[in-house]
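Work the whole structure out from these sequences, hints included.
From first to last, the protein sequence lines are chains A and B.
At position 152 of the first sequence the residue is numbered 151 (numbering that gives the first Met the number 0), and the sequence of numbers has no breaks.
At position 136 of the second sequence the residue is numbered 135 (numbering that gives the first Met the number 0), and the sequence of numbers has no breaks.
These aren't lab readings, by the way, just hints derived from the structure by calculation.
Even glycine gets a Cβ: it sits at the ideal position worked out from N, Cα and C.
Treat the hints with care, as some may be off.
[What the hints assert, rightly or not] Looking from chain B toward chain A, a few residues come up when the C-beta cut is under 8 Å (computed):
| # | residue |
| --- | --- |
| 1 | TYR54 |
| 2 | GLN268 |
| 3 | TYR373 |
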Amino acid sequence: MRHSWWRWLVGILLVLAVFLPSMTWMRHQITQYKTNYKTPLDPTIMVPGSSASQNRFDALIKELRKETKTGHSVLKVKVAENGQLSYTGSIRRGDNQPFIVVAFENNRDGYANIVKQAQWLNIAMKDLVKTYHFNHFSTLGHSNGGLILSLFLERYLSQLKDVKVERLMTIATPYNMESDSTTTQTAILKELIKYRKQLPKSLTVYSVAGTENYSSDGTVPANSVNQGKYVFQNQVAHYTQITVTGDETTHSALPQNKQIVLLIRQYLLQETLPAKDRYQNQAQNQVDSRNATDDPGLPQK
Amino acid sequence: MRKLWGLNQRLSQWRAIRAIKEALRVVYPFILLMTVVDVLGQSILANDGFFFQIYHIGSWLPAIAVWRMAARVISIVINGLVAVTVAFMTANQLARSYRSDALAVGIISALSFLTLNVNYQALGRKTTGMSQFMEENLGPQGIFLAIVVGLGVGWGASHLMTRFSRWRLHHPRFGQPSWTGRVIWPLTVILLMMVAIGYGLSLLTPYGINGLVYQGLSSLVANPGHQGVVIVAVTTISNFLWWIGFVGPVSLAGNSSVTSLQNLSYAIQHGSGWGAPNLVTLHTLGDAYANFGGAGMTLSLVIAIWIGSRQASYRRVANQTFLPNLVNLNQPTLLGLPLLFNPILLVPFLVAPAVNITLAWFALTWKLVPPIVYPVPRTTPGPLIAYLGTGGDWRALALSLVCLTVSVLIYLPFVRLLNQEGGGNHAA
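See below:
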């Protein structure tokens, strides 16, 4: 009988040798799933610039819808000065790439207002995440909207538990406000640079500038847009600056500029563009980058 | 039970059944070795293997790529050609019972089986990168076709050869036929027939007869919906097909089906599987509670044999195939006992999974256990699947153990019934 007693002991030990590590493995797996999990819902948050309403992106959205087969639905949120949210439109059931436009009742320019608008954006984002249960999103900011978004990402994103931002595209965002200077930093730029370490390391940023002439899109100086590099470069995963020239490059026309629509589709929405569009886009970028760097000796790929 | 025993005895008298059983007995050691290699390859060396995962083997075993390659090579050679071997052995045994030239008939049968599995799509193209044979049909999933071919050719070739010899006896002026003379005519006739059949089939379907059956079955099994009854029916049909030798790809729906993914994302968002959108699926019922050891709950068959069998050969097969059954690779058990074409074991082979699915259905719909939501490796030991898949729910583990016990109890009387079987076949 001693023989069989040993057998039982060995059997139990074997079972434990499988069971215990498998439990550890399981716990590890589940945490892995939780951290890597992405909700199917992948909204694009759009924030307009100063003096613009929640309808600011209608022309752009119309363009985007025209080109893509997936009819992105649009939800518009307006934040009142007291933080009250009013919704128009809706996210269509089954649409995993909706656009959410967040605008503010107080949409005035200036440092103090932009700081407040970032707070209001935070209120809206909290409500959106609570309602729609997404845990990742991309964002598009036009003009000061890009400043609001950058401030929000630095200050408030960490308040949204387990929510990640994947891509940020700013169009003609004056990181140094209306200043043309490359040396003096305005209050907002100082603020953004001071807290840049809070920006998520996995973020991909595209900063698109438009120029009518060699220095400005008529409203925002190209130098001010360029100052964005001091905020993002060496902090986020990728920071790409793109300059668009040609027709429709005044500050307010930029969001519906054909080239920029293509850039949004390609980089922000990560669509697979038809070859002709892609080619056109690349050709444009190459010319632009040569203009920007002013280095014609560089071999073009 | 007595009737079943009678049926078993009557079937055992059949020449064909005897030939099949004998063929499977001969093939068994090859399958066993292949499965042991597969156990190593799939559960210990492969990235998604259970033991690979829980013991983090990739991080400490040196030269893992070499080990993987070795396992892969052996698996390709033996696993990939097992059906050819079965075709050979079945015809060989049948010819022996006809007192014909067993070796020649066996080779003709193996060649015929290959002829039927020529890839007509690759034919006539110079560089397609396609294989000349439909390779997947030469492995375990081709066993049924191999048996059919083996029986057909074994019968046909034996008779042709006998006829021919007799004819030569009647016409002595041609002299004694040589070995070549005896083999070449049946070989030619049968190969021509097979080419005709194979070509005809290739016009109907590009995947061969085997592929056709498999496609049909896979689409049937792939999406049985959320009806408990349908799931039981599909599982039973699938298990019956295993019993007649359709071993392999008609396996249960895995971790990656849409419903499973929906459940997974629900569980991640809500912390557990309670309330998951797809409560009753083939995955949450069948994969979790009715597939211990593989199709037909064969892990419980092994345990039942340990408890109740006095047949030395059964006990030996059970001992040898316990480990493969633990990681849900039960081919050697099916072929070794053999369970295939054994009418007595067919009953529990179909009933045990059906009962388990029913139990699981009640447990799930009465909210006694949560559904499995987290993916588990295919080689996870059966009783652990539900526990790990629910994220460590003790009730699921308890239900698994209940299912295992119930299945053992279902198998036990049939295993005991087989104790009466004696004599020649099983003394070996």
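TYR54 of chain B as an interface hint toward chain A, with CB separation required under 8 Å: Hint on TYR54 of chain B: holds, closest Cβ of chain A at ~6 Å, below 8 Å.
Interface hint for TYR373 of chain B, Cβ within 8 Å of any Cβ on chain A: This hint holds: TYR373 of chain B lies near chain A, its Cβ roughly 6 Å from the closest one there, short of 8 Å.
Restraint check, 8 Å cut-off on beta carbons, for GLN268 of chain B near chain A: Constraint on GLN268 of chain B satisfied, holds at 7 Å.
Every hint, counting from the list given before, is met by this structure.
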